[in-house]
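Fit chains B, C and D to the given chain A structure using the hints.
There are 4 protein chains.
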Amino acid sequence: MIVILRPDATEEQLRHIVEKADKLGLTAHVSRGVERTIIGFIGPEDILRVTPLEVFPGVESVMPVLAPYKLVSREFQKEDSVVELKKGIEIGGKNLQIMAGPCSIEGYDSLLSVAKKVKAAGANILRGGAFKPRTSPYDFQGLGEEGLKYIKEVGAELEMATIAELIDPRDIELMDKYVDVYQIGARNMQNFALLKEVGATKKPVMLKRGMSATIKDLLMSAEYILSKGNFNVILCERGIRTFETATRNTLDINAVPVVKQLSHLPIVVDPSHGTGRWGLVGSIARAAVAAGCDGLMIEVHENPEEALSDGAQSLVPENFTALVKELRAVARAVGRELL
Amino acid sequence: MIVILRPDATEEQLRHIVEKADKLGLTAHVSRGVERTIIGFIGPEDILRVTPLEVFPGVESVMPVLAPYKLVSREFQKEDSVVELKKGIEIGGKNLQIMAGPCSIEGYDSLLSVAKKVKAAGANILRGGAFKPRTSPYDFQGLGEEGLKYIKEVGAELEMATIAELIDPRDIELMDKYVDVYQIGARNMQNFALLKEVGATKKPVMLKRGMSATIKDLLMSAEYILSKGNFNVILCERGIRTFETATRNTLDINAVPVVKQLSHLPIVVDPSHGTGRWGLVGSIARAAVAAGCDGLMIEVHENPEEALSDGAQSLVPENFTALVKELRAVARAVGRELL
Amino acid sequence: MIVILRPDATEEQLRHIVEKADKLGLTAHVSRGVERTIIGFIGPEDILRVTPLEVFPGVESVMPVLAPYKLVSREFQKEDSVVELKKGIEIGGKNLQIMAGPCSIEGYDSLLSVAKKVKAAGANILRGGAFKPRTSPYDFQGLGEEGLKYIKEVGAELEMATIAELIDPRDIELMDKYVDVYQIGARNMQNFALLKEVGATKKPVMLKRGMSATIKDLLMSAEYILSKGNFNVILCERGIRTFETATRNTLDINAVPVVKQLSHLPIVVDPSHGTGRWGLVGSIARAAVAAGCDGLMIEVHENPEEALSDGAQSLVPENFTALVKELRAVARAVGRELL
Amino acid sequence: MIVILRPDATEEQLRHIVEKADKLGLTAHVSRGVERTIIGFIGPEDILRVTPLEVFPGVESVMPVLAPYKLVSREFQKEDSVVELKKGIEIGGKNLQIMAGPCSIEGYDSLLSVAKKVKAAGANILRGGAFKPRTSPYDFQGLGEEGLKYIKEVGAELEMATIAELIDPRDIELMDKYVDVYQIGARNMQNFALLKEVGATKKPVMLKRGMSATIKDLLMSAEYILSKGNFNVILCERGIRTFETATRNTLDINAVPVVKQLSHLPIVVDPSHGTGRWGLVGSIARAAVAAGCDGLMIEVHENPEEALSDGAQSLVPENFTALVKELRAVARAVGRELL
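Chains as they are written, first to last, in my numbering: chain A, 1 to 339; chain B, 1 to 339; chain C, 1 to 339; chain D, 1 to 339.
Since the hints were made in silico from the structure, they are not lab data.
Heads up, a few of these hints could be off.
Copies of the same chain look alike in the list, so a pair counts if it works inside one copy or between any two.
[What the hints assert, rightly or not] Subject to a maximum C-alpha distance of 27 Å in a straight line, what follows is the list of computed DSS-like cross-link-like pairs (lysine-lysine):
(1) K87 / K325
(2) K196 / K177
(3) K325 / K260
(4) K94 / K325
(5) K149 / K196
(6) K86 / K325
(7) K177 / K78
(8) K116 / K177
(9) K203 / K177
(10) K203 / K116
(11) K202 / K216
If we strip away everything but chain A, and leave its shape as in the complex, we get (with noise of 0.2 Å):
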């Protein structure tokens, strides 16, 4: 942690300030420049955090030296992590993944079908919701258990990967039974009870930015699983929210290059939130694996007029299997597989 003192800060605020790093068990180092006295504080940045060093006299500003997670960072681990989602299929080597299925489960059949459909194009991990987080108290709100059924008998016919959201803390064990992987969505990503219920368990666990989350706060989040003892985490490029309204979220193609240099966490973008139209998630998926992403989640339906939810965004199973055609051929030339 640095300190910088205002110019007219005294002798004596400096010295209660070095008291203070004393009585914590820190080191300060302090540097007299020509217009600011600057105080380094030595030893685990940690202690420091909750201290409030801006408040104290004379204080003109703080500013941390570390990054605040430890277990996500390169630096605690330089290999790329390797999540496995269930027998054979992996996250985060050469190999991409895509997940690939309606936004809502609607029913067995329908499910079956499209799954069948972006299985046969590349899909090794099917997608849908049981429990739908809607910004309306009056839309669907999925099947719930119901869903959950339909998805785990999909998967294991298909002998597909399976991912649903996961929106209370208290259905957990419910969920435990029916998926492979756990889905904490952008409006929960700082829902620190979610969180830490996940971390308390083994089964992966796929964790989406939120919209106004920076990727510092997005790997603070995931630092909440693994410091519960769940190493299992992917990461999840949606969109964030700006200004622009010509689409839904402004997809941060930026932030894979960046988690990629920070952290040894796999991370999926999902170009169909990213967006919210599905005449753009072709080239937003096309430039996701270009810049380096272990993987893509898009919607798929087979009669988007008639989808319960996400509708606009999602594709349509033709272009889909165009699509990953596409994304292999992009993969190759980054030197990466789509199988």
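Just chains B, C and D now, with coordinates in the frame of chain A:
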């Protein structure tokens, strides 16, 4: 709902959309302009909200006519709502209310001491967190039930209403015993499991605006609570996330008059989180009162240097007392009272 | 400037950076912590600002210690600046000033008529655009010199100071003849050719904050003007661009106390652009005065239905007159005067 | 234009609006729904854009039907525009183009040296600034005309097209002699004096998106140039300003497919400014090509440690050469060529 067709939309595509309206029991009014054909759907818009008209062939864009919220709207109820927090302590009427206290409850003695001072200055509501949603898993997470006991005792002793944050739906019965008002924090504004839970009670709820939530999103989250039967809802503006880094958040003062136009619910402003720096709290608190808010939530700590959280934005009691005097003058200047 | 090294930085990389400091005539203080080595550069920071220390091998991050602005800072001048706009009309002292008038100058008669009313209500400064920066090339672009003549005549007749926007450095001599204050609009806040041009005069300049400008950016643009010799600068907060769509812009009320802490320059608030809707202007104008601004700029039009620009955010004179009365009460409540 | 009335709008208010339409020579179609009455205005929407229907009594909201731009739209011209920058060097067709070179022109020798390397790697367009728009008045402002001479000489010698930024309308004749393409920078995207000036020429213009400009704003600024007669316009996405601080800007990759849908103009991506860090440039350049851009603008410097501006985001020539090879593979994977 208004649907605008693309310039190259065919008659068949138009017919397909009109038939859809028919199936839904709605009437479609078609206006053919020089450059665009427009279709107005007459009938309950709710039916349409879940129908993704954007994906119908030939459609260029879709525009809703009605706001998606109902119970929270001025249209539903013309007069301002007044919420009673505790016998004799109301919010939403001519009298402004101040909620004050430490960010986290740190102990019985310190809470009682600061509570006496804020009460003497003019605050009728005691705030203090027992379960803290912290960005870092390594930071102080609150005293839990122990903290709730303290706030209940202090509130009873000083005849103040009490408010504390609820972050887990499983804690609701526990908290019900101890506090007068549930606070839903910014990070949980779209934690729908939590919203439904507090909606099923009759206890007052203060709902804070999420960091990336539009005012419409805030009203939709409030709608969740009212739609479950609990009309005792207070909204809270506490700053949104923007590109500005000089302050912790950007307090959206516009939200005060906008909410007053759109909704009958009371609105409180939190200048502590809205700025993140105690030196700015006074200026923004005065502005909020002048803008027409119904109350303020302000963090106060007797020794910010030792605060376990949010020390940088906490006022010391002397500054708080001086501020309340100023706020009284501003309140009177705009036709309100602060007792 | 503080440089933080990567954990794997070598001794040679450290030496290379220290040598760089030497070459620049600076002293490098090295602090070796447990997890990171930190280098403080002692000496004039300006030299370093242009040196991209981030690209030196082994560097993790670079943090400036000093603010990049000087002449505009409180550190440079402790007392508030008072800018004289015209004999007897000053801004920045105890008395608040109001700038009012139409968005665009539309004719002599209409300007005179509205000017009389705003003057009677309490405004000493007449605003009106002659060159309009419009988003669309097909919209009304202003009356040009004709408009400037009208504002000069009306200002002289009513003894009001006058302000109009300058959008082209080639117009400065022309405008110099007609108005008392140059306005630099939000879209031109970083039009450095324009800033240098007004910096080379002695005429007062009102500099509006850009839609995506931080407060630091605003101060740096002001620094351009002061650094050329013109200290008669007034800052103006007029709303920033955020994700919120309920208002045209998000007025950043925090900017008022932040600017007051960092700079000696006066700050004016423009609630017309800051909200974009006349129904919100009153509430935000009151808030701005309570927050501590030195003046307001408000659009007033006698017949907003026929206004050639910004009709939606213009007050009619009766509402303006009523508002000024309220503002007087608020000003007094916070120790200021509005004559 | 569609006008939605308030639920309490009177018949007289409705009549007043319909009469207004009449006066403007438009037809008003009135649809009375259960909850709202809607008025569609049939006829040229331009007439209405300047009429502030929002302020008519009884109006709740106003929604435009048509985009405000015309000449830049896909509707105006279906086929992609191809802009010739210099004999044999075109942008907008199947072949991608790369603009590369230093941020600022620093001298003849250094420019020639880096230009040879980027040309050998595959760049046909040489970039370099002679007039630099710097946030600080104390930073290097460019070599001016001297720099322009260098870029002209080097461009002629290597048969590269040249591009440099224009920041003052008074410099246009000067620059006309020296460069093949005018660059309008992000800070000047709404400098309408400058836009009109380049619109009156026939020389190609690259228009960069402003930091807080929506895609619609960008297209409107391009419309300024086309409306003056110059159709040789290239758009450039270079990152927008958001709350994320890990990168200098947030490159909006969605802008690439959105612009392709809405406009016939070519679009270039600038990953150097879009990220602000050279270590991220490669990943984002690959993503941009995969997303479907028509070209890239990349900063390259032989010795970033000594660069007079933007050193942190400049690639060294070896990295640039390696990157172009990768880009070639990605281009081919998406059906484009990079020669």
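Practice problem: Identify every previously stated hint that the structure contradicts and give their numbers, smallest first. | Solution: Of the numbered hints, just 7 does not hold.
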